[in-house]
Structures are given as C-alpha cells and as structure tokens.
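Residue numbers (my numbering), protein chains in the order written: chain A, 1 to 278; chain B, 279 to 488; chain C, 489 to 698.
The set of hints was computed from the structure by calculation and includes no laboratory data. Just so we're clear, the structure is a prediction, and the values are computed from it rather than from any experiment. Don't be surprised by glycine CBs; every beta carbon is placed ideally from N, CA and C. Treat the hints loosely; a few may be bogus.
If we take Cβ atoms under 7 Å as the criterion, some of the chain B residues that face chain A in the derived model are [what the hints assert, rightly or not]:
| id | residue |
| --- | --- |
| 1 | GLU317 |
| 2 | ALA344 |
| 3 | VAL387 |
| 4 | GLU397 |
| 5 | ARG410 |
| 6 | VAL437 |
| 7 | LEU455 |
| 8 | LEU463 |
Covered by chain A, according to a simulated footprint, are these stretches of chain B (three or more residues, beta-carbon under 8 Å) [claimed, not checked]:
| id | region |
| --- | --- |
| 9 | 321-331 |
| 10 | 401-409 |
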Amino acid sequence: MNDPAVVEQGQGGRAESSDSGFRVSLGVFDGPFDLLLTLISKQELDITEVALSKVTDEFIAYLRAARSADELEEASEFLVVAATLLDMKIAGLLPQGELVDAEAAALLEARDLLFARLLQYRAFKEVAAWFARSMQREERRHPREVRLDPKYRARVPELVWTLTPDDFAALAVLAFTPKEIPTVGLDHLHAPLVSIREQAAIVVDMLQSAGTLTFRDLVAGIREPGIVVARFLSVLELYRHAALSFDQDEPLGDLILQWTAVRWTDENLASLGADYDT
Amino acid sequence: MTRDAPEAPTPDAPEATAPDSGVDPELCRRIEAILLIAEEPQGIVALAAAVASPVRPVRAAVSWLAADYDGEHGGYRRGFELREVGGGWRLYVREELDDLISDYVGSQVPTRLSQAALETLAVIAYKQPVTRGQVASIRAVNVDSVVRTLLARGLVTEVGSDPETGAIFYGTTDALLAHLGINSLDELPHISPLLDDVDDVATFDGEVRR
Amino acid sequence: MTRDAPEAPTPDAPEATAPDSGVDPELCRRIEAILLIAEEPQGIVALAAAVASPVRPVRAAVSWLAADYDGEHGGYRRGFELREVGGGWRLYVREELDDLISDYVGSQVPTRLSQAALETLAVIAYKQPVTRGQVASIRAVNVDSVVRTLLARGLVTEVGSDPETGAIFYGTTDALLAHLGINSLDELPHISPLLDDVDDVATFDGEVRR
Numbered sequence: 001m002n003d004p005a006v007v008e009q010g011q012g013g014r015a016e017s018s019d020s021g022f023r024v025s026l027g028v029f030d031g032p033f034d035l036l037l038t039l040i041s042k043q044e045l046d047i048t049e050v051a052l053s054k055v056t057d058e059f060i061a062y063l064r065a066a067r068s069a070d071e072l073e074e075a076s077e078f079l080v081v082a083a084t085l086l087d088m089k090i091a092g093l094l095p096q097g098e099l100v101d102a103e104a105a106a107l108l109e110a111r112d113l114l115f116a117r118l119l120q121y122r123a124f125k126e127v128a129a130w131f132a133r134s135m136q137r138e139e140r141r142h143p144r145e146v147r148l149d150p151k152y153r154a155r156v157p158e159l160v161w162t163l164t165p166d167d168f169a170a171l172a173v174l175a176f177t178p179k180e181i182p183t184v185g186l187d188h189l190h191a192p193l194v195s196i197r198e199q200a201a202i203v204v205d206m207l208q209s210a211g212t213l214t215f216r217d218l219v220a221g222i223r224e225p226g227i228v229v230a231r232f233l234s235v236l237e238l239y240r241h242a243a244l245s246f247d248q249d250e251p252l253g254d255l256i257l258q259w260t261a262v263r264w265t266d267e268n269l270a271s272l273g274a275d276y277d278t
Numbered sequence: 279m280t281r282d283a284p285e286a287p288t289p290d291a292p293e294a295t296a297p298d299s300g301v302d303p304e305l306c307r308r309i310e311a312i313l314l315i316a317e318e319p320q321g322i323v324a325l326a327a328a329v330a331s332p333v334r335p336v337r338a339a340v341s342w343l344a345a346d347y348d349g350e351h352g353g354y355r356r357g358f359e360l361r362e363v364g365g366g367w368r369l370y371v372r373e374e375l376d377d378l379i380s381d382y383v384g385s386q387v388p389t390r391l392s393q394a395a396l397e398t399l400a401v402i403a404y405k406q407p408v409t410r411g412q413v414a415s416i417r418a419v420n421v422d423s424v425v426r427t428l429l430a431r432g433l434v435t436e437v438g439s440d441p442e443t444g445a446i447f448y449g450t451t452d453a454l455l456a457h458l459g460i461n462s463l464d465e466l467p468h469i470s471p472l473l474d475d476v477d478d479v480a481t482f483d484g485e486v487r488r
Numbered sequence: 489m490t491r492d493a494p495e496a497p498t499p500d501a502p503e504a505t506a507p508d509s510g511v512d513p514e515l516c517r518r519i520e521a522i523l524l525i526a527e528e529p530q531g532i533v534a535l536a537a538a539v540a541s542p543v544r545p546v547r548a549a550v551s552w553l554a555a556d557y558d559g560e561h562g563g564y565r566r567g568f569e570l571r572e573v574g575g576g577w578r579l580y581v582r583e584e585l586d587d588l589i590s591d592y593v594g595s596q597v598p599t600r601l602s603q604a605a606l607e608t609l610a611v612i613a614y615k616q617p618v619t620r621g622q623v624a625s626i627r628a629v630n631v632d633s634v635v636r637t638l639l640a641r642g643l644v645t646e647v648g649s650d651p652e653t654g655a656i657f658y659g660t661t662d663a664l665l666a667h668l669g670i671n672s673l674d675e676l677p678h679i680s681p682l683l684d685d686v687d688d689v690a691t692f693d694g695e696v697r698r
C-alpha cells in the first residue's frame, strides 16, 4: 500500500458518491469503505493488512447512528462484503509461495474465486447505479398516453361473459389468496428420512420367522444406503436389548444374527432407537 | 429553452417554415408538446398559459399547425389532425382512418377476458377504490395492460386519485353489475375473511421507497 | 382508402415527400394514426399487422417519420419525437420540453426502487434466465420480497422453470427496457469481462455454501 490519498484522487467520481456513506479509519487506510474495496480489488491494498475486526467495530458504531433506510440498507451490503473480505483474508494469510500440494492450489484458486465474487458484486452495484440514473432520466419523459376516444371503444365487439356472481366471488377468493413465490424444494438434496424403528420392525419380523440370518440376508435387494444403515443400527439396538446375538466367523466375514429374545412386544419396539430421535 | 440552442441551427434542416409564415417554430414545438399529452381539447387561452406566450401568436401558431397537419405547407397530410371541438383544440386521428383504428382496437380488445383480467377485475370489485399498484401487490404481477383492457371494456373506471401520490383509484361500473345480473355491489357474495388479510400486502410495498 | 381520393390532390399540397423518399404517404398516415392512439411501444411487426402492410415498407416509413419529426426532411423539428424504446416505437414529447410538460401536468412523485431492488434487477438483467437462488447467491441475501416487488411492477417476469428442481427462472420485460429508455438488452452497459468469472463462482458457491 503506497499512498491512499493519491489513489483516492485518481478514483475521482467514485469517491464522490461514497463520501456520504460508511468511512473507516485504519492504520493503513483512512477513507470511504467503498474506496477501501476499490483499492483491494485493484490489489493496491493488501487485504492481510486490513484489521477486519476494526472495520466491523466501526461499522457497528456507524449503524447505531444510522437512521435512514439508505444507511440501514448498507448493513446487509456490508455483511456480504465483510464475509468476502474475511474469506479473502483467510486465503491471503495462508502460505502461497510454492504450490506444495493440491490443497494449497485449491486454496489459491478459492482466493481467486472469492476475488471474482467481490468484483462481480461490485460490478452489479455499479450497474445498479446506472439503472437508477437511467430510470430517473426516463421517468421525466412523457409518452403519448391518452384515453381512447369513446367512438372507437363503442365499436369493439361485444364482450362474452359467462360468470355468475358465485363464480366471480370464487375468482376473487383465488385472486386474494396470497401467491407465495414457490420456494425451491431442498428435498432432492437430502435422502428421505429413514425410521430406525420401522426398519427394526422389519428386522424383527424377518429374524423371528427365520431364527438365524446373515446381515447380508437382512439387506438383500436393498439399494438405498440409508435403509442399509438403518437396519444395521437397528441390529445394534436389538443387541442392546438382548433380543439377538451375533457371530462373525472371520474378520470381514458374514455377520450371523440369531433371534434370542424370550419375550418381545411392540412396546419394546416403540422404545427402540430413542437415542436417535432428535 | 436554452438547451435547445445548440441543436436548433442544423445545417440541412433550416427551420424553413418560420420566416415565411411568421410563426415561431419554438412556439409551435411547445404547443405540439402540450397537445401530444392533453386528454381534453385545449382552449387558446389555456394553451397560451401553458406555453407562457401571449394569446395572439398562440392562435396563429395553432392555425398554422392545423394547416400544416393537413399538408398545406408543402408537407403531406398527416394521419392525425388538429381540430377545434367544443371551444378547444385537440389532436385526433383523421376521420378517414377511423375504420383502421376500429379494427386495431378490436384486435387489441378480446371478446373474452383472460383469467388474469378476470382475477384483476375481481380484486378491483372487492377492494374498490383501489390503485393499480395495490392490485399489482395483491396479484403479485404487473396489471397495467390488464387494467387497460378492463377500462377499454368499460368494466372498470377511474374513480378519483390519491391527493398525495397522484395514483389513480379504480372502481367497477354498472356494466359489470349488468353482466353479473345484480343491481348493486352489495349483492356480491361475501368473502370478507380473506379481505381482512389484504392490508398485509401493503408491507410488500415497503420495498418501493418514495 | 377511397374516401381519401377527393382530398388528396389539393393544388398547393402535392404529396411532395413521396416521390423523392420512396415512402408512401398513405402508409405514413396509417402509421401515424396507430401511433396516436397506441398506449404502448409498437414493434414493427405489430405495426405492419395493424396497418395491413408488409414489414419492410413499414420499417422504412417509421424511420422516415422519426427523421421527419426531427426536422430532417425540410420541415421543422416537432415538439414530439418518435422513439424506439422498450421493443417498439412510441410518440414522446421531445426531451427538451419535458420541463414544460411537467409544469403543465403537475409532476407526480415517482416511486423509486430501493437499492436492493435495483441490484437484484441488475443481476437478473445480466444473468437471465436466472433463479432466485442464483440471484441470492450473488447478492448473498434473500431476494424473495424484492423479486415480488419487481414482478408486481412488471420489470421482471417468469420465463420458465427448471424441469428437475422446479425452480422458476426470471427474466426482464420490455417494460424494464422502456423504464431504462433503451430498446434492447444489448444497450445495457458492458460488464462481461467480470461476468466471465461468474459461472465459476456460482459453482464454487454451490459447493461451499450449501
């Protein structure tokens, strides 16, 4: 970091717009936060030299004094940028002289990506300013917008109307029902929940009728890993309840399960796996 | 109009009409601007006030413009004309083109209302007087063109405007009652539980700052 | 237009523009009539359908009219202009006269978009078609209510959905272009060098943040 003041002059227009916003006073930099970002993004200020905790403290103080919606909006924006800076800083503090292994390379790549994200965020911010200017300019314009002459309206073909008042009311109900923007289901990201208790019931059934089975038998034909895991956990649970015993003849060999319970009721089953409930 | 100055003396378009007619092109421009956005016929005095000019040159300019649109100053006869109606001047489509406009309007206004138009109509019926912005908030889509259709169909009408924002309030018309076969809005089936919630929608406008 | 015949050959107004420009004055008249009553920008194809003419001469006539209103055909610069905005052509008061008109109609307080809405709009404009989730990952905030506002204002619209996840894709509308005073997305400021990285970033986000 050479001389922030000089760079600030070079920034011209941008510094002007940020004068009213959040300013920071750090050892290496004193000025608008926006400018700090510009310097970092131009690699004229080393991110590792910026005390993020100090930036954050100052920002919180700034927010306490903030009153206008504009200033409060800066809060969410700041969080984005601060999180990005933090990520960058973590990456920046890691040794990067030689690429010793793939992990280091990945971190370096990650830093570039974070950097790109910051740049991208700033690009959209700047474009948003262009949007605001264009919209303000355009809303001053006056297009021709005059009611249609009744003589033309009168010549429009007759409206076909088929609704009764009840139909109409039903439409109103439909129209007033809040239309939530559908949210993206995350279900596809998670395997459906598998109940250990349900799986235990199946295991109990199979063992009671067969007496002795291998674990391989118990999960034969099951493709969902979740069910296999649940059946294994239920075997452990049943063992804890002394409902079965198991033997393994050799390491990694088949697990042989034998039903040993003298008395077994559905109540035993209901209490099974309570440790896994959350 | 000082901003005009740099552009005015374009070399290949000398403001040719001014010298021989004695009509000031800048005055004509200002009058044309008012006429383009005016809903009602404009009297000469009102026009003169709007363009901040004495009445006499305004009267001369309006006559000149009317003749100009009729193609009498070397141009061609425009598709619009400037007519004096009820003591004021207004731009009209030239009468010979009425059929064209009727066909066009007919093609723009469908004989059946779309689902979107019907739902918007229902919202206006139950929430009137209501602004387009409020309807848009409830329907969560822009309703400008749909409201235009409903206006063109005479199913809704402007019933006033917000003194602060200038936003126009809309309400339904007797034509809608006639279509529904009822005599008054009181005869619409009751759906109030939902309506109570509707004011919540106002929060949604919070995104839009004034 | 047989009704036109008796008036057409007025002695001191020969339809002078037609021969030298190759533009048919009758076509111009019809286009002017549609433009006078249209409430939205008119695309060339829609105009051609309205005036029942092939597209090519309509395009030529519209260009000729725009230049004519600008005073480039020997007339004077009109108080109105023909602008190509939001995917079509529309009559506007000439920009230099906007202050005059604002005084005349009384200026309405415009409802401005919040900074969050503007940024979301910018992301959608450049990244469309784009899901809310993708917008949110770029802005790193929840954008649901902002998108609702943009939908209600007709600035963005649903343009499809992901066949696998059902996530809705959003894109911008012609109304947005009109609000920006541009005719196509190509006229947006160029920021592609930065955006080239964006897709990598999105993937990266996907791996790290979810």
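Right, here's what the structure says about each hint:
1. GLU317: OK, holds: B:GLU317 within 7 Å of chain A, min 6 Å.
2. ALA344: With a minimum Cβ separation of about 18 Å from chain A (threshold 7 Å), the hint on B:ALA344 is violated.
3. VAL387: 5 Å, holds
4. GLU397: At 4 Å from the nearest chain A Cβ, B:GLU397 passes the 7 Å test, so the hint holds.
5. ARG410: Nearest chain A Cβ about 14 Å off; hint violated.
6. VAL437: Check failed: Cβ of B:VAL437 comes no nearer than 15 Å to chain A, outside 7 Å.
7. LEU455: With a minimum Cβ separation of about 10 Å from chain A (threshold 7 Å), the hint on B:LEU455 is violated.
8. LEU463: Result: violated, 10 Å to nearest chain A Cβ.
9. 321-331: violated (count 0)
10. 401-409: It holds, with 3 qualifying residues against the three required.
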